[in-house]
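2 protein chains.
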Amino acid sequence: MPRPATNLRESILDQARRLLLAEGYTRMSMRRIASRVGCTATSLYLYFKNKNGLFHALMDEGMDKLFVGLDHVLESTDTTPQERLRGVFRTYLDFGLENPEFYEVMFLLHPRHTRRYPPEKYRAARNRLERVGADIALARGDDPDPAEVQVLAALAWTSLHGTISLLVAQRVDARLDQETLVDRAVEHAMALALPPQS
Amino acid sequence: MPRPATNLRESILDQARRLLLAEGYTRMSMRRIASRVGCTATSLYLYFKNKNGLFHALMDEGMDKLFVGLDHVLESTDTTPQERLRGVFRTYLDFGLENPEFYEVMFLLHPRHTRRYPPEKYRAARNRLERVGADIALARGDDPDPAEVQVLAALAWTSLHGTISLLVAQRVDARLDQETLVDRAVEHAMALALPPQS
DNA sequence: ATGTTAAGTTAACAAGGTTAACCTTGGTAC
DNA sequence: GTACCAAGGTTAACCTTGTTAACTTAACAT
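So the protein sequences, as listed, match chains A and B. Quick note on numbering: the first sequence equals residues 178 to 375 in my numbering. Quick note on numbering: the second sequence equals residues 178 to 375 in my numbering.
Just so you know, these hints were derived from the structure itself, not from any lab. Hints may contain errors.
Away from chain A, derived, C-beta distances all over 10 Å, residues of chain B [as the list claims (entries may be wrong)]:
| no. | residue |
| --- | --- |
| 1 | Ser188 |
| 2 | Gln192 |
| 3 | Arg195 |
| 4 | Met236 |
| 5 | Gly246 |
| 6 | Leu251 |
| 7 | Val345 |
Derived Cβ-Cβ restraints for the label pairs, each shown as a range [what the hints assert, rightly or not]:
| no. | chain 1 | residue 1 | chain 2 | residue 2 | range |
| --- | --- | --- | --- | --- | --- |
| 8 | B | Arg292 | A | Pro372 | 40 to 50 Å |
| 9 | A | Ala324 | B | Ala311 | 54 to 64 Å |
| 10 | B | Thr291 | A | Asp191 | 46 to 56 Å |
| 11 | A | Gln347 | B | Leu274 | 50 to 60 Å |
Since the model is a prediction, treat every value here as computed from it, not as a measurement. Ideal placement from N, C-alpha and C gives every residue a C-beta, glycine not left out.
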């Protein structure tokens, strides 16, 4: 039945997102998406270059969602640098834990598995990291050697990323309270923003 | 040509390992392994239950290699807790960075992708983490509340894991010096073993 | 010679991504 | 009103996966 055009693209994205979140990248197959949408697999190729293209569209969504949350904190002016840092750290952790499948494909997967996400999109991420670095420098109050600031921001990131990663991959001892670990991870990252010890 | 039995199992493991390290899990296909070994794909099933079984055999190798390195440091007696901690942290980082594909499948991948690795194997890993916790407690010198020690060890792990993970996934800004980041990651983890501030 | 079994192979299936070729409707030009 | 044409699909097919069932062949024991 040609010519329905009931915004098929959106339906595809909807069902693809559901499958991705529920069952992961490999089980999000073109045929299964199509079946749920109510069309054939080849139709997906009318709207997306291939499975990777479709996936990148979903990744854009995830990035946007994350950035909106981060920017909301970073751009608040009636806050101290410490408050902003704590806020972005927690926002980042929450995003990863609440959208594990998105997080996984955005930051966890080797570029080998899903073809490389356009580097310019990662520039936007790097930009947020620089703003985190700026707040770290503010919080520490010492001279901001740019290279050192970059390292500190990266360290904060690796710390949060590691926490999300191990929790998402279910590698961490189940007896360990997840909330405690998350709280402490924030504090451990915050330690990077402490004024350098005498 | 039946009955060669030239230790086919070892040849399979060799070629599988090469493919895994060079091209990743999905591109390590049964047929490609077989082709390099010089047999048919179905022969692999004589030695391994399926692709996942073959993969788990490789994973055992990786685990052993990592544990040998960690134990070498953990069991040294002529060292301080601080020295041992710094040693295990660096050993762990080096292992991850030198065997990225192994590390990826061992700790990075969601159990969804490769069928679950036997939990008892992870018990061995947890055991090492407990010994790290013990050294952290020693280094801090304060009363060792077991739950707190577990959290501290987990935090150290997440921190190192995050560093490896982002470097392996090539997510970190290329302009940032990798060695510096690794060194600082060790120090950041070591901060967890500092005596609690007054 | 006769089994028996270990160690392979061939052929096939289902599921995956992807492409080429084909319909089928709706609107426009004359 | 008829001819065209392109948007929006579909069908059929190809190739690569993991995996299984059925068959073959070589070596050894009796």
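Quick rundown of the hints versus the structure:
| no. | hint | result |
| --- | --- | --- |
| 1 | Ser188 | 25 Å, holds |
| 2 | Gln192 | 19 Å, holds |
| 3 | Arg195 | 15 Å, holds |
| 4 | Met236 | 13 Å, holds |
| 5 | Gly246 | 19 Å, holds |
| 6 | Leu251 | 18 Å, holds |
| 7 | Val345 | 7 Å, violated |
| 8 | B:Arg292 <-> A:Pro372: 40 to 50 Å | 49 Å, holds |
| 9 | A:Ala324 <-> B:Ala311: 54 to 64 Å | 36 Å, violated |
| 10 | B:Thr291 <-> A:Asp191: 46 to 56 Å | 28 Å, violated |
| 11 | A:Gln347 <-> B:Leu274: 50 to 60 Å | 23 Å, violated |
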